[in-house]
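All chains should be built: construct the whole structure from the sequences, respecting the hints.
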Amino acid sequence: MKLAYWMYAGPAHIGTLRVASSFKNVHAIMHAPLGDDYFNVMRSMLERERDFTPVTASIVDRHVLARGSQEKVVENIQRKDKEESPDLILLTPTCTSSILQEDLQNFVNRASNESSSDVLLADVNHYRVNELQAADRTLEQIVRFYIEKAKKDESLTTIKTEKPSANIIGMFTLGFHNQHDCKELKRLLSDLGITVNEIIPEGGFVTQLKNLPKAWFNIVPYREVGLMTASYLEKEHNMPYTSITPMGIVDTSSFIREISSICHKVYEAGSLTNLPTLDVEVRDKMKDLKILNKKDVESFIDQQTTFVSQAAWFSRSIDCQNLTGKKTVVFGDATHAACMTKILVREMGINVVCAGTYCKHDADWFREQVSGFCDQVLITDDHSQIGDIISQIEPAAIFGTQMERHVGKRLDIPCGVISAPVHIQNFPLGFRPFLGYEGTNQISDLVYNSFGLGMEDHLLEIFNGHDNKEVITRSYSSENELQWNKEASAELSRVPGFVRAKVKRNTEKYARDQKTPIITLEVMYAAKEAVAA
Amino acid sequence: MVKNKKRFPLFQTFRNSSSIPASKNSVLETANQSISVESSNETSTAAPYSGQFECETGNYHTFCPISCVSWLYQKIEDSFFLVIGTKTCGYFLQNALGVMIFAEPRYAMAELEESDISAQLNDYKELKRLCLQIKQDRNPSVIVWIGTCTTEIIKMDLEGMAPTLEAEIGIPIVVARANGLDYAFTQGEDTVLAAMAQKCPAREGRLKNINLPIARSAIRADETLKSARTSVEDQATKTVTSNSSNSINADPPISNKQLKELVLFGSLPTTIANQLQLELKRQGINVSGWLPSARYSDLPALGENVYVCGINPFLSRTATSLMRRRKCKLISAPFPIGPDGTRAWVEKICNVFGIVPTGLEEREKTIWTNLTESINFIKGKSVFFMGDNLLEISLARFLIRCGMVVYEIGIPYMDKRFQAGELALLEKTCIKMKVPFPRIVEKPDNYYQIQRIKELKPDLVITGMAHANPLEARGITTKWSVEFTFAQIHGFTNTKDLLELVSRPLRRNKNLENHDSLSKTFALQ
Chain S
-17 MKLAYWMYAG PAHIGTLRVA SSFKNVHAIM HAPLGDDYFN VMRSMLERER
33 DFTPVTASIV DRHVLARGSQ EKVVENIQRK DKEESPDLIL LTPTCTSSIL
83 QEDLQNFVNR ASNESSSDVL LADVNHYRVN ELQAADRTLE QIVRFYIEKA
133 KKDESLTTIK TEKPSANIIG MFTLGFHNQH DCKELKRLLS DLGITVNEII
183 PEGGFVTQLK NLPKAWFNIV PYREVGLMTA SYLEKEHNMP YTSITPMGIV
233 DTSSFIREIS SICHKVYEAG SLTNLPTLDV EVRDKMKDLK ILNKKDVESF
283 IDQQTTFVSQ AAWFSRSIDC QNLTGKKTVV FGDATHAACM TKILVREMGI
333 NVVCAGTYCK HDADWFREQV SGFCDQVLIT DDHSQIGDII SQIEPAAIFG
383 TQMERHVGKR LDIPCGVISA PVHIQNFPLG FRPFLGYEGT NQISDLVYNS
433 FGLGMEDHLL EIFNGHDNKE VITRSYSSEN ELQWNKEASA ELSRVPGFVR
483 AKVKRNTEKY ARDQKTPIIT LEVMYAAKEA VAA
Chain V
-17 MVKNKKRFPL FQTFRNSSSI PASKNSVLET ANQSISVESS NETSTAAPYS
33 GQFECETGNY HTFCPISCVS WLYQKIEDSF FLVIGTKTCG YFLQNALGVM
83 IFAEPRYAMA ELEESDISAQ LNDYKELKRL CLQIKQDRNP SVIVWIGTCT
133 TEIIKMDLEG MAPTLEAEIG IPIVVARANG LDYAFTQGED TVLAAMAQKC
183 PAREGRLKNI NLPIARSAIR ADETLKSART SVEDQATKTV TSNSSNSINA
233 DPPISNKQLK ELVLFGSLPT TIANQLQLEL KRQGINVSGW LPSARYSDLP
283 ALGENVYVCG INPFLSRTAT SLMRRRKCKL ISAPFPIGPD GTRAWVEKIC
333 NVFGIVPTGL EEREKTIWTN LTESINFIKG KSVFFMGDNL LEISLARFLI
383 RCGMVVYEIG IPYMDKRFQA GELALLEKTC IKMKVPFPRI VEKPDNYYQI
433 QRIKELKPDL VITGMAHANP LEARGITTKW SVEFTFAQIH GFTNTKDLLE
483 LVSRPLRRNK NLENHDSLSK TFALQ
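Chains S and V, in that order, give the protein sequences. Per our numbering, the first sequence runs over residues -17 to 515. Per our numbering, the second sequence runs over residues -17 to 507.
Possibly wrong hints are sitting among the right ones.
Said to hold, decoys possible - The list that follows gives simulated cross-link-like pairs (lysine to aspartate or glutamate, EDC-like), each with its CA atoms no further than 20 Å apart: (1) K347(V) to E504(S); (2) K461(V) to D33(S); (3) K461(V) to E31(S); (4) K436(V) to E66(S); (5) K510(S) to D479(V).
Since the hints were derived computationally from the structure, they do not count as laboratory data.
Okay, structure coming up:
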């Protein structure tokens, strides 16, 4: 048993459901007790999702506990098959129902015999893996299932597209700024003359998964989810992939250089990589494509860095100069924490005292990435540990998750949120990507705004600060001919701060109208009722 | 670990009890059956609902009952809640409810890991370790263990371990099984209060005061118990008479009124509790305590002469516990939600205490008159309850009284006995307002409900959080049912807030209609 107050990564079934509900026309059935289906609430509330979350709980109750699920799960699968005719129905237990050790695979087999949808059991150990690992695993399982299915019925497309193309793997629902990142990434690829073949799982159809091998290569923007799928495709279909996250100016350039070199290799290897046999003329023309031409790639990077992204200029500006050497702590998932550490140090000259991640399963990679960029590395999923370190270091700003934002609030240290777990604030209506060149602008804004203001503290003192005038409390009764008795005062103090003044004013107005000099509880409540009129 | 074989003895009888003759209700209820017309109606109220009542598949969404932790830890200020469950439970608390851990968290998860599930570790030792840590860090007056589905499945004997452990660490431990296998959302509070009722001190002093020999009272208690067990109608009358005669014979100088104590159960913000208390005080009734109290040490004393009355419809198990285990007398009344409900609630308590209520009718009238404008706005509009927090019957009754038309009342679980007073008032209100009895659907199926909503096109759907945005996107106006769980809706004073909740979504739409570009619904269908 572990005393736990907070979790950075959710339980396994959340990862599975995120993958399932990101695909279009896929329905997930949860084998779970009442209330375990809160994923529906998260998706509908956090993302303001307009569609019903395609997740149904087949409820485990006292009867199921006593006699087993019997027909219940099978019936629920078949019912959804008829009601929504999805392409795929994915069955998953939760931590709770997985202990029941019911033979869910058997249910799946029985149900799939009689339903027109494909039926799969998400194959995840709910006590050993977290949300991110489960998502990674489930995505791979679904991709593998459909590729193998296509192989069997010989509908698999292995001939590459004529022009360079890529799959983006790992964009999905309830991801940290994933929608914006996806848009930005698509723009970046199209600027480079690369077509996007498939984006999975967000918005993709499972029936299209057989087209995955058509792309020249795969992009895994976040290493938390998608690496398993990418390496499966690499092994089975000889598809190269990049796992460089195009976050920050430096890493975006290396991302572009890497995909350029991948494209070059695919192009050179020609028939080996299943490129369609084209006549010489077309092939020669392709050589002029931006992505296959080193010089063009470099000038694109240069152009973007100088003119599209304002981040490089920000780094040189006097505002950023004032940030030089300021102490920060960075914490988040492996991808975002590592990238952010490098951006702060390399691109802004800020001192990262401690960089950490809660992705314990990816600790080695993280250590390697941030070594040399920070003084201290922290791998933990215990929020109090990172809280202690923050209060010890007393950094000028924190870049972390919602939890660190809370820690910061308590210690009066500003915090920029750079990583999941997601919060409704991570679904802004405006365009806020973290990836690509537009992402660099967003990150610079975030960094700048996080550090109080650009001006040094001593300058603030010289200019007498910003809002240094105290707010005069608005009190209706300056003469104060009214008296609040003990109970009423206590009651007033229980009223939430933001409406207390209003309640006080209304009550006193009522008391004055009624000519009651002493305000009692009864007067207070009566005033409330009177205001209702 | 000892496997607890007898699981839920109380619970089982209770759930099955809907088939028990209605009159049993009155046995345990009150000695003042014949005091007024109101309470003689009582027997008929326990009769099944005259409207359509059905039970669907139960494929519906609601919150897990452990969510009660989020409001109970705030209510009981010196408590610590330990939820013994998996990551799934923990993530729910932190995420779906948006409950953040602030500076001094007074609840935590005892997260069960693989070694706990496979019984490689000793549950007792593990819980002791965690509780000692809690004692050291927070030193609470009480630790509430919240059992979850997982502790049920692995049959962790929490009730068996608690007494030994509380003796060892010196902090009382309350064990509540707020699991999703048996309960829905707000019933979590019910499990906690039912367990806490066991920890309330006994009201013995009172018995001595009235010079009643302890031995005699013990015998009588035994009799009451027996008669309750056999639960036949004539037995019932015997208990009733013996009870009332005993208080009269025992000590004539002390009037009947003073002998009775009133304890209210259900957690309410202090402000609302004060307001309800004040309403009763106006009628000359003092509330001697609340379950739960703001501090664990202030739990009310319970015993034979204590009358108890609930303020929320989801507290049926607490009611049973108070009656059967603590020998309290339950006042079965409608719930103090809306001016009509509040009046009926106060009236019922007055009846039991032999007081003729004064000024109640006018008070209700004033509230209604003051709200005429808001009521006119919602009058004639239709509403559909998908079912979430078990407050549905009371809310529907109030809205019907306001002139709304209720198409369907979905409800996770319906205890017809505990809600008898409320159901009767619902019927009465329907007759008064000349509307048909709405259909009540227990354990609804959300999919079918959405089909019905599409067909009926109600003006307002009161629904759980999972369906609100998708329904809005289909041009259906919604209100979150959880808001009614957390908002202050009890008593006369808060009627305006209650109406505000219902009318805000309708007003929003009306405001948007004035702008062409916004008036387009995002109908997806």
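Okay, the hints, checked on the actual structure:
{"no.": "1", "hint": "K347(V) to E504(S)", "in the structure": "18 Å, holds"}
{"no.": "2", "hint": "K461(V) to D33(S)", "in the structure": "17 Å, holds"}
{"no.": "3", "hint": "K461(V) to E31(S)", "in the structure": "16 Å, holds"}
{"no.": "4", "hint": "K436(V) to E66(S)", "in the structure": "16 Å, holds"}
{"no.": "5", "hint": "K510(S) to D479(V)", "in the structure": "10 Å, holds"}
Checked against the numbered hints listed earlier, the structure breaks none of them; every hint is satisfied.
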